[in-house]
Every structure is written in structure tokens, then in C-alpha cells.
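Number of protein chains: 2
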Amino acid sequence: MTRTDSAETTDEAAADLAAEAALLEIAEELGLSDLLDGAEPFTLEQAADLAAVPAPGAAAYLGALVSAGLVEQAAQGGPYTPVADLVDRRYRAGYLSWALNANRPYIDHAALFLRDPETAGGKYARDGRRVAVSSRWIGSRGFYPGVVEEITSGAPRRVVDLGAGAAGLLVRLLRELPDSTGVALDLSAAACDEARRAARQAGLADRLDVVHRSVESLADDPAPVRGADVVHAGFVLHDVVGRPEVLDGVLRACRESLAEGGRMVVTDAVPYAPDPRERAFSALFSYLHASSMEVDLPPEQVWHEAFRRAGFTEVSSSPQRMPGSRVFVAAG
Amino acid sequence: MTRTDSAETTDEAAADLAAEAALLEIAEELGLSDLLDGAEPFTLEQAADLAAVPAPGAAAYLGALVSAGLVEQAAQGGPYTPVADLVDRRYRAGYLSWALNANRPYIDHAALFLRDPETAGGKYARDGRRVAVSSRWIGSRGFYPGVVEEITSGAPRRVVDLGAGAAGLLVRLLRELPDSTGVALDLSAAACDEARRAARQAGLADRLDVVHRSVESLADDPAPVRGADVVHAGFVLHDVVGRPEVLDGVLRACRESLAEGGRMVVTDAVPYAPDPRERAFSALFSYLHASSMEVDLPPEQVWHEAFRRAGFTEVSSSPQRMPGSRVFVAAG
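Keeping their order, the protein sequence lines are chains A and B. Quick note on the numbering used here: the first sequence kicks off at 15 and runs consecutively. Quick note on the numbering used here: the second sequence kicks off at 15 and runs consecutively.
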């Protein structure tokens, strides 16, 4: 898509999107995101209880959501109903939250990150929760649907997710695959605790194992991926891509551990995608990774070569909706 | 305008706008905003010097701007030229920066602001620079053009700006009105220092007086507004609107001090504008002022009544481009 919107349309969109993103971030802070995503009517009392704020304050906030067109209220004093496309609006808001909230330290200290990246990196880290929330909002429409379709299409009996975080993807997959088991592997102990809690809450504790390990460690001990039909890695392998011998070790360990007919499914971003649909967001994503996270994203071809070096014979990749994102599938 | 964009168009816009806003905020942090607004080619060395960062870092950042389509570079190693509509893109980015950056403390502590606004207000203030920068970006297309046209149309000999900040509006006006004088009044000593510096830099020191005073104080001592052909107040009178006797005193002092045929020109926002073009941003703006700044924006009619109580006989108002903004003109 090229920029063919009239200036007026685009300007409306900027004010609308900014307001919706801020109002949805406030909902998240108030603990009301699940209520809004529920697509069911809810009452003022429910919202006030959930947010633990006085009813007049909750009413003022919900009134703002109604005025903004994010929530509908048929009659004064009556229940509130989220608009039908709220999830799409949250998806769009995700780009704003990721760019301007999750990356705040990299923006505010942009000069220091260019002058002295080591000092800057040691002093100014991103808030993990802001990164996780905004990434989930983007992912909801930006790459999860493609990944889920790709993985479930093969009806895998065992799925391993590397860098699984709170296991959101695995919970969704195992609900769609009632006879399958999964392994959530993550470097963060806090994320692993969240993943165990999520598994219990979803009634999946007996089908979902949580392993507190680094992705790198698989090169020496591939036990967690052994016998997997699918090993997925979302936006995590680019962290080891600067050390090709580590990347190669991990990919080879995965390939050798896969069950017969198994596949790797890797979601990641390519650098500076030139397509008009992708260029702006891809440029920001690439620049921030290079300048502030010491990650030089590898081009699509470099991924293909790495999979082939590890012994995979069938490698393909396809763009997902998030600008710059690709899903790589490696088999054979 | 109603939401008739296809989902795809709007989603592209969200990622594009988010990336452009973050990249323009980084430019501001690096001190490169003037260079980008200059619409003239510039070199890598100029940018690196201005930002005081090493050339490779500056080149990486400028490369990201080129990839994002904010800057053009005809030949590798050659000069960089900002795209022709960069100012429009900065205008759009202003909404994102205001909503998600300037208001950050109100978003991050939204629950506390509803539970205990006094404590929250005492602990969490906005960063004045972030508010000023994002407001200027919005104003560049959102309300300054209408205000400048309204004021200059009467060829006033003397213009007073209440809450003038760094005197950006007055400098622009006095350049267009070479025989006129101006008064910049502001409560902030820092803003007054900035205004004096701006007047000197623009060669306007002999035509622009800076007065360090509150707007409220005009009720008792209207000396700064005496003999003005136009008294302008932009987004400042809503701060005193909760005290009608103060507002009335200020408006009456202005009316009685105006020169023959003089006018008040007031730029401000109305609450919860219902128009589809305005509703989302107006809802955020109104909610944040009420919940976090103790400002209940008065409806259009309340402004009209206040002007008439102060003795003005001709009062009109018209919407500006910023959703929810209005310019009131009071004369007679």
C-alpha cells in the first residue's frame, strides 16, 4: 500500500489512534482489559470492583470510553458493552504502545545510546511488562494468527515454544489440540511462574511442562525439544544470531531432536523491509534493535542459510501482518 | 468523517504513525528537529555535530529515517533532504506524543488519580517540556493557523498573549505585523526567560515585552492588557474556569482595557465533542483534564455566557482542526 490517503483522513486517524491507545493503556492500568476483550455487557459495579476505584471515578472513565466510541451504553445507568471491533482497535493501539511506551528509555536516551551504548544499556532498560503487553497487542493480529494456523495445520502431538514467556501461545495451541502436549521454555523465572499459573488456570497443567532454561543451553542439552513435532521460537533467536556458532548449535540440536516429519517454526523480523506497507515500522524496529539492544536483525536469506547449515532441506518464509515480520518454516 | 476506512488501511496507518512518531521523538531528543523542519538538504556531518554523536551512529539513525520515508538521500554518502510533507507528519505525530508521552504519569497512575486525585496530583506531574513540544506539534496544524489568521486579519497594532509560554505565537505574529508590538505574559519564570531569548533571537526585543505574571492577577491590575487591539489566550483560561468570579474578573478587565474596536481571541477545548471527527481525541483530552488536572472543561455555551457577562456584545466560536478545539472571538 502506498500513502494515498487524503491528508485529512490520515490526520483524523492520528488523533483517533492516539486517543484510543491512551484510553486502552489506562484500561490496562486499571485492570479492565479482560472486561473490554470479553465482548459481553458489564456493569459499573463490576468495573469499579475490578479497578478498585470509587464508582464515580469508574463512571467517569467508562463515560470517556463511551464518548470515544470504544464502549456502548444503550441507556444511562445501564450496562456497558465493548464495541465489536475492540480487539482490532487494541491491535492497532499495540503499535503505538510498543513504539512510544515500551521503548521509552531508548527514545529518551537516544543520544547516549549512540555515544556509549554499553553505559546506556546498563543504565536504561525497558520495562518488561510494557514490552510484553504491547507485543501481545500487536501479536494478536500481527503474527499469532499465522503462527497458530501454521502450527495446528500439521496436527502436532508435541509442541515446544522457545522463549515462551507466560505461555500464551501454548495455552491457545493446546486448547485447539486436545490430545497434544507442550513445553514452555524461558530464561526468565518470573515468566516461568506465570506460565505455570496460566497452565493451571487453563486446566492444562498435565499437558504443559515449563522449563526454566536459556535457548542457548539447548546446544549442549536438547532434552526439552526431544521428540517435538514442532519447535516454535518467536522473536527470540535473533538474540543469538550475533553468535553464529551458538545459533547453529541451537538449530542443529532442534533438527536432530525433532520427531519424524517434525518442523521448526520461527517468527522473527527482517531488517529494514523496503515495501511501502512495511518500511516505517520496520525501520523503527530495526533501528532500535541495532542501536539500543545490540541486535542486528539478519536478512531473510541469512535465516535460510542458517537453517540449511543445520541440515534442514525444506525452508520457506512468508510475511505476516506485522510490518517486517516473517514466519520461517524449516523441515526435512 | 465516519470510520469507513477499510481495516487494512487503518492498520497500516497505526504502524506507520507509531514509527514516525517514535523516530521524530528521537530526532527531538538528538536536537535534530530544526534540521528536519528546515526543508533543506543537510549533511551527515551537520547532523552528527548537532546531535553530538559519532558519525556512524548519526548515519545509522539517518539511514532509519531514509528507510522510513521521512528523509530522502539521492546517493549513498550524499546529503539528506527531509520529505516535503515532514511538517504534516510531525503534526500527526504530535497527537501520539501528547497522548502517550506527555500524559505518561496520568496513564501510569490512572487508578491512583481516581482513588485519591490530591495525592496523585502532588506526586505525579507531567514533564513541562514534553507537554510543550507535543502541544506545539499539534498546534502547528491543529490551531495556530486559524488563530494567526483570525488575529492578523484585523491588522492589530498591539497584541497581548496570556499564557504565552516561550512566545512562539507572538514571534510569528510580530513577523507578519512589522509595525505592531506585543506582550507575552506567563506564570512561569522559565517560560519568560525563553520568551525573552526568542524575542532577541528574532530581532524583536524592541517590540515584544515579557511580563512574568499570572492571568488571574489581571483582574486587579490590568496594566499588561491596556490598549491592546487583541488579547489572545490559548488553553490557559480553562484553568481559572472553575472559579467563575476569577474568570469574570479577568474577562472584564480585558474588555475594559482593550483599545477601541479591540477583541479577545480565546483558543480552548470544549468537553466531549460528539462529532465522529472529534469524539475519540476529545474524550481523552476531556477525561485527562477532569481526572488528573482538576479541570472540568466548560461547554461552548458556558464560554459564550461568560464573555457576555463581561460585557462583550459580539461573541462567536468556530471549530479548529484539533479535535475538540474552538476559537472564540469576543468584541463589542
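Think of the hints as simulated: they come from the structure by calculation, not from any bench. Errors might be hidden in some of the hints.
Stated by the list, open to error - Using C-beta positions, here's what the derived DEER-type ranges look like: (1) A:L64 - B:E230: 35 to 45 Å; (2) B:G217 - A:P131: 36 to 46 Å; (3) B:E230 - A:A216: 56 to 66 Å; (4) A:R129 - B:P159: 51 to 61 Å.
All residues carry an ideal CB built from backbone N, CA and C; glycine is no exception.
The hint says 36 to 46 Å between G217 (chain B) and P131 (chain A); measuring C-beta to C-beta, is that right?
holds (42 Å)
Assessment of proposed distance window 56 to 66 Å (beta carbons of E230 (chain B), A216 (chain A))
At roughly 58 Å between Cβ atoms, A216 (chain A) and E230 (chain B) fall inside 56 to 66 Å, so the hint holds.
In this structure, is the beta-carbon distance linking R129 (chain A) and P159 (chain B) contained in 51 to 61 Å?
Roughly 38 Å apart at Cβ, these two residues miss the hinted range, so it is violated.
Honestly, do L64 (chain A) and E230 (chain B) meet the 35 to 45 Å range at C-beta?
holds (41 Å)
Consistency note: the structure conflicts with earlier hint 4 alone.
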